[in-house]
Amino acid sequence: MRAIVIHLNGSRTPQVPVTQTQSCCLMAAGLECVRDDRVLFSDLAFRLEPGQALLLEGRNGSGKTSLLRILCGIRYPDAGTVSWNGSDIQRLGADYYQHTAYVGHRDGNKLDLTAQENLAMARALGRPGKVMPPAALEKVDLYGYEDVLTRNLSAGQQRRLALARLLVTDATLWILDEPFTSLDVHGIRIVEELLEAHTQAGGMLAVTSHHAVNLDRTTVQRINLSA
Amino acid sequence: MNLNEFLHMGGYAFYVWTSYGIALLILLVNIIAPARQRRKLLTDIARKARRARREI
Amino acid sequence: MFNNFFHKMASPKYFYRIAGSLIPWLAGACLLFTLAGLYYGLYLAPPDYQQGESYRIMFIHVPAAWMSMFVYVVMAGAGAIGLVWRIKLAEIMVISSAPIGASFTFLALVSGSLWGKPMWGAWWVWDARLTAELILLFLYLGIIALHGAIEDRRTAARAVAILTLVGVINIPIIHFSVEWWNTLHQGPTVTRFDKPAIHISMLIPLLLMAVAFKLYYAFVVLMRARCELLERESNAGWVRELVESK
Amino acid sequence: MKCDSLTRAFTLLIRRDLILAMRHRAEMANPLLFFILVTSLFPLGIGANPNLLQAVGPGIIWVAALLAALLSLDSVFRSDFEDGTLEQYLLSSHPVSVLVLAKVLAHWLITGLPLLLVSPLLGVLLDLPAAGIKVLFVTLLLGTPVLSLIGSVCVALTVGLRKGGMILSLLVLPLYVPLLIFASSAVDTAAAGLPVTAHLSLIAALLVLALSLSPFATAAALRVSLS
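Just so you know, the protein sequences line up as chains A, B, C and D, in that order.
Counting in numbering that gives the first Met the number 0, the first sequence tops out at residue 226, every number present.
Counting in numbering that gives the first Met the number 0, the second sequence tops out at residue 55, every number present.
Counting in numbering that gives the first Met the number 0, the third sequence tops out at residue 245, every number present.
Counting in numbering that gives the first Met the number 0, the fourth sequence tops out at residue 226, every number present.
For reference, chain A alone in the conformation it holds in the complex (with noise of 0.2 Å):
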């Protein structure tokens, strides 16, 4: 069960050695993920750079999340190594998460506390960044909500305030699982916007998405994992 990779800007081996680059860059090499005695992926293996995006496919269950929580270091996987600037990441840990923001398949907020104490607590906990929370919110166009609990908010409006965070933080690594859940077209767009703009700016991107994820200034890299 090899997953294929396809890169849209040429090359189809991504193997350079590491030595060679100076800049930032992610990489996978043999990964492999079993769950519950089967074999979801093997031997995949990436390299992704500034400005470029990372478009994981594949059924449900293909093992898209196991993946990104792979590359977030959450979870083991069971060969193969991820590594950042050349340095596997479990060894880097909280050195790695310097420059990584992360937003799963459950919103990470507070029901609890208000649009601003999320986000505050957000910032505090990753390396913060220039953008406070009120413009954060504002850029995910909810400018105006910062001091309702997150349980009032509807569920794009949670799920917008969650990519919100990506914003408060300095960093340059995305990590998105199903981004796009519960948001309407205006929610989708704001977001794509969004994530154009990271990568303009020499940001990375790793994302799962059911939708067709439009993003035509960005180099995107696609794996499927159910081929």
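Rather than coming from a laboratory, the hints here were simulated on the basis of the structure.
Don't be surprised by glycine CBs; every beta carbon is placed ideally from N, CA and C.
Treat each hint with caution, since some may be false.
[Unchecked claim] Between beta-carbon pairs, the in silico distance windows are:
no., chain 1, residue 1, chain 2, residue 2, range
1, D, Met165, A, Ser153, 19 to 25 Å
2, D, Met165, C, Leu30, 47 to 53 Å
3, A, Ser86, D, Met21, 40 to 46 Å
4, C, Ala144, B, Phe5, 38 to 44 Å
5, C, Lys12, D, Met21, 57 to 63 Å
6, A, Asp169, D, Leu140, 37 to 43 Å
7, A, Glu192, C, Glu243, 55 to 61 Å
8, A, Val147, D, Leu140, 49 to 55 Å
Based on these hints, arrange chains B, C and D on the given structure of chain A.
Relative to the frame of chain A, chains B, C and D by itself:
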């Protein structure tokens, strides 16, 4: 010392033989359980392999 | 070369094979020592001048109590190795040992109680060692329950390894506290198991049985580890080969 | 700079948990009510003979404190696990053990401190002499943080489980035994008018040990539970 005396254990027969008996029981169960489990696992895996071969 | 050997041992396939060939030898040796120990302990050793024949329970009780501690320490060691170096076999050792350790602990408790009845006149006395043994049994049961509750086997093994390490730090504290509590509440009136000196004719069977119990643990843990390995690696090539060659 | 942001995250996390607790005041009171109820049930069960109560009082109060702590433990990580914020701690650029320490400290402030404050009242209910009540207060002051610290390790191990509650008590209670022994015998000894420095230093030693080791164990356990 004859057998009867030996079994009688100076009046402590119940305590001595019960503890030795329980020890024997526990130790034997611990041997038999994994042995049986291994046999079961091997047949299960074989069955699964046969099923997989048929599907192909 | 040593490194090479280590890696070979750590590979599931080799381990499975080597363990399989070791088990009969260990079991045979265990049987020999047990028979020798029983013959010595039940037949040759003279009755105790105070306790009469009932002291012969010692040849079960004391090795079982020793093993209950020994197995826990082995588990903690294996757990640490498994957590630090992510060696699968070490994780497997931890969880394969737990039921055996719990059995030894249970055996130590039951035989202690059976020994206590004629000596103290009660099935259960809050003697420091028995109490500590009881808490140890709870620790073992917690480990087994935690392993049973977590579905993913690797997660379960690593959670159990952490719990074992937490427990092993606590065991000396528990022992100390229980001893202390015992002296506080019971005073020195309770008969204690430990005696200043043990006669050689009783020491020999005790040591024989202790060795037998160690050998028993060695071969049973290998048996359990083989099962665990088969279950975990049921998709691996070597397991399929193994099944097909039968 | 880095140290600074760590302190900020630490205090913000404590403040956040306190705010959340204030917004759920009713839940917060449960362990405390339980503590008072259980303790006041004993005289009804065993008779209100002052000598008897004095003899068993320290043990009862401490056992009740243990059970109340056990009852409250589940809340340390449960809601964070369910809404996904727990993942965010693990992916934070700060050491997880420090964040865990903040969580445990907040938990102690919310559940341990109230127990501590009502304990003199319960001492009076159970006819403890003044010296005994004073020492009871000190043992609870030193001991309740130990309850939270040891408990956090076990709760971290069971947080991902649906039926974690039952197993949690099996894991936690044996580990509480030494504390129970030292603390209740300290109160006993004090009630008899004897010096208790040895007891108190043993409990303090337990606190130091738990404080220095358990955050690391909890962090490791959380990583395992979430993988």
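Violated hints, by number in ascending order, as checked against the structure: Violated: hints 1, 2, 8.
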